[in-house]
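Enquirer: Could you slot chain B onto chain A? The hints should help.
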Amino acid sequence: MQDKKITTGPAGYMPNPAVFMGVELPPEGKALLYGEIVDEEVAMREAAKAMLTRKNPTIFPGPQVLWNWKDDVAEKAQAILELASEIPNCRIIPMPDYRPKYPKIDPEAEINPNHPNLTILHNKIEACIFVGVHCHYANLSLRMIRAGTNCFTIALCAFMGHEEAMASLRDVHADDIRRFKDVLVQVRNELGIEWTPKPPPRNPSLPKEEWEALNPYEYGEYMHLIIPRRGEENVTETE
Amino acid sequence: MPEQKVVDIDYLLLEAPRERKFITGAQAMAEAVKRANVDMAIAYPITPQSEVMHLVGDLYAQGYLKDYYRAEEEYGTMSAIAGASRAGVRVFTATSGPGLLRGIEAIASWPGHRVPAVLGVLTRVVNAPLSIQPDNIELAYLLHSGIILLHAENQQDVFDMTLAAFAISEMVDVYIPVAVATEGFFVTHAKGYVNMTPEDMKLPPRDPYKAPVPVTDCEVPPARIQRDAPVQKSNFMSYLIHAVWQQEVWASNMRAMKYIYKYLGGPIEVVNPDADVFVVASGCAAAQGREAVRYAQQEGLNVGLVKIKSIRPFPAKEVREALKNAKAAIIPEHNIEGWLSKEVKAAIPNSGIVTDGPRVYGGMTLPVELIMEEIYKSLGIKKEKKVVI
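Protein chains in written order, with this note's numbering: chain A, 11 to 249; chain B, 14 to 402.
One should not assume that every hint holds.
Said to hold, decoys possible - Not the full set, but computed from the structure, chain A residues with beta-carbon under 8 angstroms of chain B:
#1 Met24
#2 Pro27
#3 Asn124
#4 His144
#5 Cys145
#6 Asn149
#7 Leu150
#8 Arg153
#9 Met154
#10 Ala157
Simulated from the structure, these hints should not be mistaken for lab results.
Backbone N, C-alpha and C fix where the C-beta goes; we use that ideal spot for every residue, glycine too.
Pulled out of the complex, with its shape left as it was, chain A reads as follows:
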């Protein structure tokens, strides 16, 4: 590869979007690797190598594969689990939705597009896969991760791919994920990494939300909504 436009970060305080740097999405049947259009196989091999050799490889599944909302989703989710089981010490940390987290995120339990770097840095993740995240939020997250971390990002996109990822595949469905898994196993064997496939560890789910036990100060500037300020009254009825 002659010119790596998009490399692992940290890219700096204010990242320059890949599109502004002239990176274009690949046509059908092609992929992106470091911002250049390449054959899918080439991108898959480099992505596999990153997930096999960098620290704390992690898969971030988004809402589109976490919720069984249309016919092909369960199959795709199953393929992701099969892929995860082939990556030594791989973890799965979901991006279940896109809301900022109150009062703060549990970075071991989830990742969030408003501050994805917190999960990456807390877990010292150096290689990750985005799959099933809506493209807008994936692009925001991938750019912020490139800005502030040294994580190698991989996007398995159901649509057209992501310029911000170091490796990006497009039109990815269950069969394509299994094809990627096969390439990964092949690269793993070439690298001489021994691994018996096993499911990733269970995700430490978020503690049960006990709203009555929540400290009012945890509401920050919105505290007055539950504790009226002097001279204010809580609205209990509406007309």
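Expert: Leaving out everything else, chain B in the frame of chain A:
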């Protein structure tokens, strides 16, 4: 209403047979809406924008649209357009001059909300003083909103750009609104020949799940999602999210360029690419520029035209290439600000070749002779002015 069959986007825009009609610019816009499988239109027809939204109301009455209503004013119109679009339907509205400015806070939020709406802008003077004549100063206010902005020269452009706008705005890698602008009266009220696709063919319906964002803020599959959370809860986010979000809007704007090439033949049109002097223009100023080029060529002068069809994304690379050997670039405009002139000067390394003008505004027409005067000046040709009594 004839039975309409859904056809492929590429077929309708690029291959379908065309029938020639002699219609106004307003009719051309409505005819494009007729073929675009639009679900809903919302109107607040400011005086006297054009008859676009009246004609679209007729389309509703004939059964082409599922819903149509008159909003209370422009802010309400543009906000309702955002709501309807985010609920997953294909929407259209049109406005003009002061109406555009009244709705612009809502319009400026569309790209960030990833609203793939189509907006007709039929330009009119911005008050004060009050006037209802054409002047495209209002487009200057749209340039920094993130919206894709196409500028139509004539009735044919209005039809082609409006139909293509629906396709471009809903591409997954774009998914921001497209405004199709043209000059009020000069184009909207005047007739021209328009080659139109068959009336019984329409675009495929919008697929709201083929999108870079979830459809709505509601708790619907595939997630319990609030799309604009950072806007509302800024103390729980990093400032960087807002920065990269803005970047994403403009990245999406830039991604539209490949579709402008595909469906509109590119963001610029160049006539006589080896010319010494170019008229660079958009909208109906390009029509006058085209006529000036014809006059000049009749006089044996080596003059060309660069017509800019896409104002956003701005075709800086293409303009740079077209003007790389030019000795002069004359930029006629229908506004006092000269927003196109500024864009061109910022895009080329040899900005000293640019002549700022001629400009007309306040509803004044742009005589070809004004452009010719600048052509003569740039070529060092002295013409005597004769006063006819």
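Enquirer: Against each hint, give a clear statement of whether it holds in the structure.
Expert: These are the hints, each one checked on the structure:
1. At a threshold of 8 angstroms, the smallest CB-CB gap from Met24/A to chain B is about 7 angstroms, leaving the interface hint in force.
2. With its C-beta approaching chain B no nearer than about 4 angstroms, Pro27/A sits inside the 8 angstroms limit, and its interface hint holds.
3. Here the hint on Asn124/A is kept, as its CB sits about 4 angstroms from the closest CB of chain B, short of 8 angstroms.
4. Checking His144/A against chain B by beta carbon gives a least distance of about 5 angstroms; that is within 8 angstroms, so the hint holds.
5. Interface restraint check for Cys145/A: the shortest CB-CB distance to chain B comes to about 4 angstroms, inside 8 angstroms, so the restraint holds.
6. Given the 8 angstroms rule on beta carbons, the hint for Asn149/A holds: about 5 angstroms separates it from the nearest Cβ of chain B.
7. The criterion of a C-beta within 8 angstroms of any C-beta in chain B is met by Leu150/A, whose closest approach is roughly 5 angstroms, and the hint holds.
8. Of the supplied interface hints, the one on Arg153/A holds, with its beta-carbon coming within about 5 angstroms of a beta-carbon of chain B, less than 8 angstroms.
9. The beta carbon of Met154/A comes within 6 angstroms of a beta carbon in chain B, closer than 8 angstroms, and the hint placing it at the interface holds.
10. Contact between Ala157/A and chain B, as hinted, is supported at the beta carbon level, the nearest pair being about 7 angstroms apart and thus within 8 angstroms.
Hint compliance for this structure: no hint is broken.
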